[in-house]
Amino acid sequence: MSLPTPAQTVGPFFGYALPFPDGGNVAAATAPGVITVHGRVHDGAGRPVPDALLEFWQSGPEHSRRTDGERGARAGRPGSMRRDQVTGGFLGRDGVDFTGFGRVATDPDGHYTLRTLPPGDAPYLSVCVFARGLLHHLFTRAYLTDHPLHGADPLLSALTPQRRASLECVREDEKLHRFDIHLQGEKETTFLVFE
Amino acid sequence: MTLTQADISREIAAESEAYARSGTVRHHPSRGYAPYRSSALRHPRQPLIAVRDPDAVELSGPVFGVTDVTELDADLTRQHTGEPLGERITVTGRVLDRQGRAVTGQLVEIWQANASGRYAHQRDQHPAPLDPHFTGVGRCLTDDQGGYSFTTVKPGAYPWRNHANAWRPAHIHFSLFGAAFTQRLVTQMYFPGDPLFRYDPILQSVTDEAARARLVAAYDHDVSVPERSLGYRWDIVLDGPSPTWIEEGR
Ligand SMILES: [Fe+3]
Numbered sequence: 001m002s003l004p005t006p007a008q009t010v011g012p013f014f015g016y017a018l019p020f021p022d023g024g025n026v027a028a029a030t031a032p033g034v035i036t037v038h039g040r041v042h043d044g045a046g047r048p049v050p051d052a053l054l055e056f057w058q059s060g061p062e063h064s065r066r067t068d069g070e071r072g073a074r075a076g077r078p079g080s081m082r083r084d085q086v087t088g089g090f091l092g093r094d095g096v097d098f099t100g101f102g103r104v105a106t107d108p109d110g111h112y113t114l115r116t117l118p119p120g121d122a123p124y125l126s127v128c129v130f131a132r133g134l135l136h137h138l139f140t141r142a143y144l145t146d147h148p149l150h151g152a153d154p155l156l157s158a159l160t161p162q163r164r165a166s167l168e169c170v171r172e173d174e175k176l177h178r179f180d181i182h183l184q185g186e187k188e189t190t191f192l193v194f195e
Numbered sequence: 001m002t003l004t005q006a007d008i009s010r011e012i013a014a015e016s017e018a019y020a021r022s023g024t025v026r027h028h029p030s031r032g033y034a035p036y037r038s039s040a041l042r043h044p045r046q047p048l049i050a051v052r053d054p055d056a057v058e059l060s061g062p063v064f065g066v067t068d069v070t071e072l073d074a075d076l077t078r079q080h081t082g083e084p085l086g087e088r089i090t091v092t093g094r095v096l097d098r099q100g101r102a103v104t105g106q107l108v109e110i111w112q113a114n115a116s117g118r119y120a121h122q123r124d125q126h127p128a129p130l131d132p133h134f135t136g137v138g139r140c141l142t143d144d145q146g147g148y149s150f151t152t153v154k155p156g157a158y159p160w161r162n163h164a165n166a167w168r169p170a171h172i173h174f175s176l177f178g179a180a181f182t183q184r185l186v187t188q189m190y191f192p193g194d195p196l197f198r199y200d201p202i203l204q205s206v207t208d209e210a211a212r213a214r215l216v217a218a219y220d221h222d223v224s225v226p227e228r229s230l231g232y233r234w235d236i237v238l239d240g241p242s243p244t245w246i247e248e249g250r
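Chains A and B supply the protein sequences, listed in that same order. According to my numbering, the first sequence is numbered sequentially starting from 1. According to my numbering, the second sequence is numbered sequentially starting from 1.
Worth flagging that the hints you see were computed from the coordinates, not collected in a lab. There may be inaccurate statements among the hints.
Unchecked claim - Below, a sample of chain A positions facing chain B; criterion: calculated Cβ distance under 8 Å:
| hint | residue |
| --- | --- |
| 1 | 3 |
| 2 | 6 |
| 3 | 76 |
| 4 | 101 |
| 5 | 128 |
| 6 | 137 |
Claimed, not checked - Just a sample of chain B residues kept apart from chain A, beta carbon distances all over 10 Å, derived:
| hint | residue |
| --- | --- |
| 7 | 44 |
| 8 | 83 |
| 9 | 143 |
| 10 | 187 |
These numbers were taken from a predicted model, which means no experiment stands behind them. Even for Gly, the Cβ is constructed at its ideal location relative to N, Cα and C.
Full structure from sequences and hints, please.
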């Protein structure tokens with residue numbers, strides 16, 4: 001067994017390094033069936049956190065298309081942060097492959113927006129939270145309450161109603177889901193550790 | 001009342017003693033580490049919920065490939081028309097999992113201050129010069145041995161506002177992906193022998209001395225490139241279950 005490298009905070013200055021264009025557009029806004037997941041990150045005093053970075057990982061939609069013709073809901077695809085070989089800048093996603101990976105920095109109001117397709121074989125998006133002041137990232141899940149598998153989820157079933165509610169998106173309309181994250185306090189989000 | 005380095009150093013010493021008394025081994029920082037003031041309102045107080053579901057989506061993870069990096073991304077000294085100022089360095093090492101296996105074809109991202117200790121970020125306004133020939137962002141994919149390598153300049157130490165006269169030791173920020181999302185890591189690499197180590201609440205938040213040492217690169221003369229750069233070696237071990245972890249019944 002090798003001993004792990006400790007985590008350290010992402011700090012305040014990741015903004016010119018980690019976010020990339022289309023980072024929050026896992027699916028194109030015009031894709032059929034696209035949903036928007038959005039919300040705000042709050043600290044223990046209820047204030048918005050303007051320097052958080054959220055990452056999303058999810059299984060693919062049931063019929064996701066891939067350029068290599070391969071299917072398999074949990075097999076991610078490259079191309080989240082495609083680079084332009086001419087300028088060295090970012091090209092954006094190719095609009096065909098569903099990579100399953102999203103990355104968004106919160107805005108000055110602590111808000112983020114993600115556009116994606118509902119995952120095929122699980123009722124949730126996996127979320128990883130980084131922020132200045134957070135020495136070790138936090139995992140949580142954004143559950144889609146209208147997903148067919150939502151009712152049978154083993155993690156949700158094991159939680160108290162309040163802890164459970166913190167993991168469930170609020171459905172604002174058919175295609176708009178709100179998922180706020182509270183790092184601390186009365187409405188504290190349920191965070192997860194994988195063993 | 002101004003918060004002084006002596007105040008913070010006292011708190012660091014108290015945390016260190018409490019850790020020694022606990023008799024446990026903790027590899028990662030505690031999310032609520034009082035000497036790092038920004039952590040106070042940004043860490044959960046409820047216990048984390050352990051997930052042991054072999055079907056968890058987090059046991060798979062994002063994939064990156066040749067479309068996500070260009071060759072120049074790993075050389076931070078060649079991203080502008082001229083050469084950046086500072087001591088040119090090569091930083092290389094291997095990315096492994098807890099079982100010591102190479103993490104191959106995965107994304108490594110770095111960002112750092114320039115040689116004067118200034119980030120190319122609008123919110124870093126401390127009076128050190130920006131370098132028009134240095135941005136300080138790099139990325140690469142690990143090779144089939146889990147190896148990565150960057151050419152850059154040695155970042156400068158910089159002041160911050162945790163307390164009066166607070167200075168961060170020189171460091172490079174690293175972001176790493178493993179074969180599973182559970183293995184995600186964001187951390188910082190430090191340079192050997194930095195006199196600022198003991199004063200820095202972010203490094204000292206890792207209260208285990210051996211774990212802290214794993215954040216410090218080693219000078220490696222064999223990595224130095226003649227007439228070009230000084231070499232540092234830093235291996236990284238990703239924590240968390242990997243996709244095969246469950247299959248192997250561990
Ligand atoms: Fe930094």
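How the hints compare with the structure:
For residue 3/A, the interface hint holds, since its Cβ comes within 8 Å of a Cβ in chain B; the closest pair sits about 6 Å apart. A least Cβ separation of about 4 Å between residue 6/A and chain B falls short of the 8 Å threshold, and the interface hint therefore holds. Annotation: interface hint on residue 76/A holds; nearest CB of chain B at approximately 4 Å, less than 8 Å. With a cut of 8 Å, the hint placing residue 101/A at the interface with chain B holds, because the nearest CB-to-CB distance is about 4 Å.
A least Cβ separation of about 6 Å between residue 128/A and chain B falls short of the 8 Å threshold, and the interface hint therefore holds. Among the interface hints, the one on residue 137/A holds; its C-beta lies about 6 Å from the nearest C-beta in chain B, closer than the 8 Å criterion. With a least CB separation of 5 Å from chain A, residue 44/B falls inside the 10 Å interface cut-off, contrary to its annotation. Its beta-carbon lying about 17 Å from the closest one in chain A, residue 83/B satisfies the requirement of being farther than 10 Å from that chain.
Annotated as non-interface, residue 143/B keeps its C-beta farther than 10 Å from every C-beta of chain A; the closest such distance is 16 Å. A cut-off of 10 Å between C-beta atoms contradicts the statement that residue 187/B is not in contact with chain A; the least separation is 4 Å.
Checked against the numbered hints above, the structure violates hints 7 and 10; every other hint is satisfied.
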